[in-house]
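For the sequence shown, numbering that gives the first Met the number 0 begins at 0 and goes up steadily by one.
Hints may contain errors.
Within a straight-line C-alpha distance of at most 25 Å, the following computed SDA-like cross-link-like pairs (lysine to any residue) qualify [stated by the list, open to error]:
(1) K296 with S372
(2) K213 with L308
(3) K296 with Y356
(4) K341 with R224
(5) K296 with A264
(6) K108 with P97
(7) K80 with L402
(8) K213 with Q421
(9) K160 with T98
(10) K241 with R228
(11) K241 with L308
(12) K296 with H274
(13) K367 with P417
(14) K241 with A120
(15) K206 with L167
(16) K296 with F363
(17) K206 with K341
For the record, the hints were derived by calculation from the structure and aren't laboratory data.
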Amino acid sequence: MPAAAAIFKANLPTAAPGPSTMAIPLERKLPVGRLHCGRPRHSLHNGPSQRNVEVSVFEVNIRFIGGLLAAYYLSGQEVFKVKAVQLAEKLLPAFSTPTGIPWAMVNLKSGVGRNWGWASAGSSILAEFGTLHMEFVHLTYLTGNPVYYQKVMHIRKLLAKMDRPNGLYPNYLNPRTGRWGQHHTSVGGLGDSFYEYLLKAWLMSDKTDTEARKTYDDAIEAIERHLIRKSSGGLTFIGEWKNGHLERKMGHLTCFAGGMFALGADGSPNDKAGHYLQLGAEIAHTCHESYDRTVLKLGPEAFKFDSGLEAVAVRQNEKYYILRPEVIETYWYMWRFTHDPKYRQWGWEAAQAIDKYCRVSGGFSGVKDVYSSNPTYDDVQQSFFLAETLKYLYLLFSSDDLLPLESWVFNTEAHPLPVLHQGNLTLPGNNPQR
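All chains, please: the whole structure from these sequences, using the hints.
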């Protein structure tokens, strides 16, 4: 159970991310989620949030705040907005650092923040402090309180001033000194959603936040130059930059990038829309191969491209599948932009494999070895399975007018937030997005 469970009760990591998935096929009726959020015992001001507990700022933002905001926009029920704002207020003390880069964790009662003990030199994580923009902009939009917008714009401006080795963003930044930690760059874990939110900030602003788009384009250009390669077998993959060299390994988390490249194709500089749509297709193909080369037809946590290996996990601790959504997410985006039937076929293969090998009496469980014909369960149903994996599968087989991409932008936990069209948005600060 994630630490964020302590905000309410132990069952809420399922109930809070779930409503935006429930709302799509159920005509925006959210009885279960509303019952949970509306009960007095779940008030953020009269109980659980006053306990001496630490939560991840990142996880609470993308899962709880994102989920509550999406539930509000999809249902119109005020209780979801109220709870999102109450919860966001509890995260603000995490930004009380010398640089304004937030701590990874914050105590909901005391407001004291700290970083993960394993993070390089006490650093904050790029994918965590860089994945707040969408939700915080919407919080300012809904409340009129500029503080949320100001917090995320400060992060952007600080990053814009910093030197970047080879144009790449390292995954670690010290919130006390404002200096990079270990030079490790990844489009997968520790880095992934930072790049995603640069693109989606532009899309969410009705394509008026040109600063976000330029930052995204520059970052992707550096990623193409230093991280993206073809294997000897012709598979395009995205490696990781560690200590001055490329590690030829790709994580399941990185597979979201196929969809990101496709989503960002329109608006690419130098008429490169076709190039990025093709790059998205190549990443989708590689990630499908990582599934297809296993016994269970489910993808491993990470897979390598060296020593004659192609899209195969080597280490035992990389052979598990925990109901992750990133590959299906990319299938959905590629389907929306190309309508190539293979993406629905690949999605159906994954859905059948999940149903066959992950279904248990109490729901669905991850499996420990996708290369074993007799896998064992990890006995965990991750909250992102409901928020993302099932939602992307549902959308993959739905019509394009269900949550059209011209009107909705999905946060990194697959919670849909509306595009803030020109004329409907006034944001305070030095760089208003209108």
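Taking the hints in turn, this is what the structure says about them:
1. K296 with S372: OK: K296 and S372 at ~11 Å, within 25 Å.
2. K213 with L308: 36 Å, violated
3. K296 with Y356: Measuring from Cα to Cα gives roughly 10 Å; hence the hint holds.
4. K341 with R224: At roughly 29 Å apart (the allowed maximum being 25 Å), R224 and K341 break the hint.
5. K296 with A264: Violated. K296 to A264 sits at ~29 Å, over the 25 Å cutoff.
6. K108 with P97: Answer holds: K108 to P97 is near 21 Å, not above 25 Å.
7. K80 with L402: 20 Å, holds
8. K213 with Q421: 19 Å, holds
9. K160 with T98: 13 Å, holds
10. K241 with R228: 15 Å, holds
11. K241 with L308: 20 Å, holds
12. K296 with H274: 29 Å, violated
13. K367 with P417: With a Cα-Cα distance of about 37 Å, the restraint between K367 and P417 is violated, given a limit of 25 Å.
14. K241 with A120: Holds, because 16 Å separates the two Cα atoms, which is no more than 25 Å.
15. K206 with L167: 24 Å, holds
16. K296 with F363: 16 Å, holds
17. K206 with K341: Given pair K206, K341 is violated - Cα atoms ~30 Å apart, limit 25 Å.
The structure shown violates the earlier hints numbered 2, 4, 5, 12, 13 and 17.
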